[in-house]
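Under my numbering, residues 102 to 270 are what the sequence shown spells out, in order.
What the hints contain is simulated information worked out from the structure, not anything from laboratory work. Zero decoy hints are in this set.
Derived SDA-like pairs (lysine to any residue); straight-line CA-CA distance at most 25 Å: (1) Lys188 with Phe221; (2) Lys188 with Arg162; (3) Lys188 with Gln173; (4) Lys188 with Ser161; (5) Lys123 with Ala265; (6) Lys188 with Val166; (7) Lys188 with His229; (8) Lys188 with Asp136; (9) Lys188 with Arg120; (10) Lys123 with Val110; (11) Lys123 with Gly262; (12) Lys188 with Glu138; (13) Lys188 with His204.
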Amino acid sequence: ELWPGRPVVVCGLDERSVRDLKPPPGFAILTTRFDMEGAVRAALALLPDTRHVALVGGASRPEQVYHDLIRQAVARAGGVDFIDLTKLPLADVLARVSSLPEHTVIIQSSYQIDGARRRFYGIDLVPHVSSAANRPVFTPLDLALGRGVVGGSIVEFQDIGRDAARMAT
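Could you put the whole structure together from the sequences, leaning on the hints where they help?
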């Protein structure tokens with residue numbers, strides 16, 4: 102409606118989350134693949150004594166695609182317990198990450214809507230989670246680096262932006 106007849110490039114979406122999406126004419130979707138399993142593998146490789154993986158993430162239906170990928174990665178890793186901190190109000194998440202058991206790592210996933218239905222820009226929550234956490238936080242997003250996370254299998258948004266610009270020209 103804003104710019105009728107103008108092409109639109111949508112980027113930064115995981116290919117698995119838009120698999121069945123049929124974009125309207127004039128829309129191009131540039132997908133990526135967030136390496137959620139790589140984030141779990143990185144955490145377990147850096148901290149081999151890990152016995153628990155806590156997942157922090159939002160409550161919306163679209164976010165569940167990413168959370169499920171992490172759940173599957175933890176299940177494939179075997180030998181670790183899974184602590185699900187998704188779908189909770191943010192205050193509850195912050196309280197829970199402050200008292201996790203020893204030998205736990207936190208994987209922060211997509212976080213746009215909390216269990217109280219409040220909206221967030223997920224990357225803004227990273228420093229709050231990492232500050233409250235008594236255990237290290239991992240993520241697949243480069244935007245989280247420098248905000249208190251240890252690392253992960255990182256997707257670089259600068260590269261995604263460059264690719265989108267090429268597609269748009």
